[in-house]
Amino acid sequence: MTILQFLLWSLLKVAVVTVVMLVGVAYTVLLERKLVGRIQNRWGPSRVGPFGLLQPLVDGAKNFLKEDIIPTGVYRPLYLMAPIIALGCALISIAVVPFGETNVGPGGLVKPGELNFFQISDVNIGLLVILGVTSISVYGIALAGWSSNSKYSLLGALRSSAQMVSYELALGLSLVGVVLRSGTLNLRVIVEQQSTQGMLTWNLFGGMQFVAFFIYLTAAYAETNRSPFDLPEAESELTGGYHTEYSSMKFAMFFMAEYANMITVGCVATLLFLGGWTSPFGDLIPPPQNIFVHALFPIFWFVLKVFSFLFLYVWVRGTLPRFRYDQLMNFGWRYLMPLAIVNIVATSLWLAYR
Amino acid sequence: MHLILFIVFAGFCLAGAINLLLQSHPINSALSLIVVMTSLAVLYLMLGAEFLAAAQVIVYAGAIMVLFTFVIMLLNAGREDRTLGSRAAGRVGFPAVVAVLAVIATMILHAHGLGVARLSDGITTTEELSAVLFTKLLLPFEVTSVLILIAILGAVALASRGNGDQERTGGR
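From first to last, the protein sequence lines are chains A and B. Quick note on numbering: my numbering labels position 9 of the first sequence as 9, and the sequence is numbered without any gaps. Quick note on numbering: my numbering labels position 31 of the second sequence as 31, and the sequence is numbered without any gaps.
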């Protein structure tokens with residue numbers, strides 16, 4: 001493959017993934033509004049289009065048309081840069097996520113290694129890249145709060161950056177068990193190692209990584225500033241948290257970043273614990289012969305698994321009350337992190353014993 | 001290709017470093033330092049040290065610099081003042097830095113037996129790195145870990161001493 005071909009294919013893949021991701025973000029917002037509505041025994045958006053399905057379009061148009069207010073006291077360069085950092089980091093980390101097999105079609109229409117059809121870039125340290133980008137995304141929120149020059153924003157940003165830095169530790173440590181089991185940081189290889197016996201060889205069930213999965217989920221909720229850890233934007237105390245002074249599209253960018261992060265976290269959980277794009281029934285269902293069905297079947301499982309994570313996210317948001325800030329920090333440092341370390345030790349002992 | 005990327009990111013790195021010195025507001029300096037660190041990570045990546053690059057971003061840009069910005073935000077440090085002392089430090093400091101760097105550079109250039117690293121497609125995988133780190137270099141590695149542990153314990157001891165107006169135990 002020449003460098004020009006590589007460039008064109010990469011651009012195409014980036015464009016497709018970005019569009020799919022943004023549409024996914026828009027419809028995750030709708031999913032959240034609908035589901036929270038049902039949980040609270042009301043309809044949620046139902047007027048625009050059938051079942052309210054066109055609501056995201058209208059919301060987007062509304063956000064674009066709103067007046068863009070920049071308060072006088074802000075530190076302009078950082079104030080303008082913060083939403084871009086937040087959204088940029090949220091969208092970058094999807095670049096290393098594999099969505100499906102490399103060899104498309106039963107006979108291998110595209111040979112492995114020649115063209116990675118369902119992944120933008122297959123890097124050896126995919127997991128670390130995701131963790132690194134997540135750790136950079138703290139700056140979006142921290143700078144937004146600081147540059148807004150408002151007490152609510154600053155408090156929200158301080159809470160948020162402390163929370164993200166603290167829970168990043170638990171998040172990273174919870175993944176070590178999986179990495180120990182598979183012996184690689186390459187996301188594609190991690191998935192392929194889980195795919196041999198369907199559900200039985202997933203890291204969650206076959207690998208006995210229940211504890212790690214629980215820690216990962218909890219830390220991921222905190223990392224994406226989602227309920228029950230949505231202290232940075234606790235509207236009862238901080239009016240809006242780090243984005244109090246933002247309006248119009250800049251405000252929307254923070255929310256797009258949050259939902260994009262939710263999707264990425266769901267993707268990572270799917271890849272590491274739930275066997276990625278592989279079928280949960282293993283070889284019980286014979287692989288379909290039709291080339292398009294064969295290519296799209298893995299995508300179906302992947303989307304289904306990520307969707308179930310998003311569903312869980314919204315369910316948790318609709319059910320659990322918010323933590324108090326000291327409880328949040330105690331929980332992260334005193335329970336989750338020691339638990340994650342115990343999990344690492346137990347997994348290593350098990351691997352050494354086996 | 002490698003050369004173009006190298007020039008671009010080395011340029012970023014230098015620009016960030018110079019900007020760090022020229023900015024008078026601490027948060028701009030901190031952000032320039034982040035630029036320096038991330039472009040260094042890219043340079044590591046081009047030398048084939050992928051784990052090092054990731055660790056650089058996660059540890060330095062993602063954790064340590066977050067704490068830096070955190071402190072700047074909390075203390076609300078303002079612009080720095082140019083005093084006689086800072087001007088004198090600038091006058092003496094730059095030649096001194098140049099002299100020290102020149103000495104280090106000549107030492108490195110004259111030293112023998114140093115390995116070569118070049119921009120290449122070859123990649124040192126995490127497995128190879130850890131094999132070296134945990135067999136050949138185990139003692140230095142563990143000593144460094146103990147050193148960091150001592151630093152953590154020292155920080156905890158200093159923090160728990162308090163000012164007397166808060167209780168010693170319980171709570172955060």
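Treat the hints as calculated values from the structure; they're not laboratory data. Where is the CB? At the ideal position from N, CA and C, for every residue including glycine. One thing to keep in mind: the hints can contain errors.
[To be verified] Residues from chain B that face chain A, not an exhaustive set, calculated with beta carbons under 7 Å:
1) G62
2) V66
3) F70
4) M73
5) T124
6) E128
7) S130
[As the list claims (entries may be wrong)] If you want the ones that stay clear, here's a sample from chain B, every Cβ over 12 Å from chain A, calculated:
8) V59
9) P95
10) A111
11) A155
Going through the hints against the structure:
1. About 3 Å separates the beta-carbon of G62 of chain B from the nearest beta-carbon of chain A, less than 7 Å, and the hint is met.
2. Nearest Cβ of chain A to the Cβ of V66 of chain B: about 5 Å, under the 7 Å cut. The hint holds.
3. Here the hint on F70 of chain B is kept, as its CB sits about 6 Å from the closest CB of chain A, short of 7 Å.
4. Because the closest C-beta pair between M73 of chain B and chain A is about 5 Å apart, less than 7 Å, the hint holds.
5. With its C-beta approaching chain A no nearer than about 10 Å, T124 of chain B sits outside the 7 Å limit, and its interface hint is violated.
6. Against a cut-off of 7 Å between C-beta atoms, the interface hint on E128 of chain B is violated, since the closest Cβ of chain A lies about 11 Å away.
7. A least Cβ separation of about 10 Å between S130 of chain B and chain A goes past the 7 Å threshold, and the interface hint is therefore violated.
8. Not every CB of chain A is more than 12 Å from the CB of V59 of chain B (nearest about 9 Å), against its label as outside the interface.
9. The Cβ of P95 of chain B lies farther than 12 Å from every Cβ of chain A, with a closest approach of about 32 Å, so its non-interface assignment holds.
10. No Cβ of chain A approaches the Cβ of A111 of chain B within 12 Å, the least distance being about 31 Å, so the stated non-interface status holds.
11. A cut-off of 12 Å between C-beta atoms confirms that A155 of chain B is not in contact with chain A; the least separation is 15 Å.
The structure is inconsistent with the numbered hints 5, 6, 7 and 8, although it conforms to all the rest.
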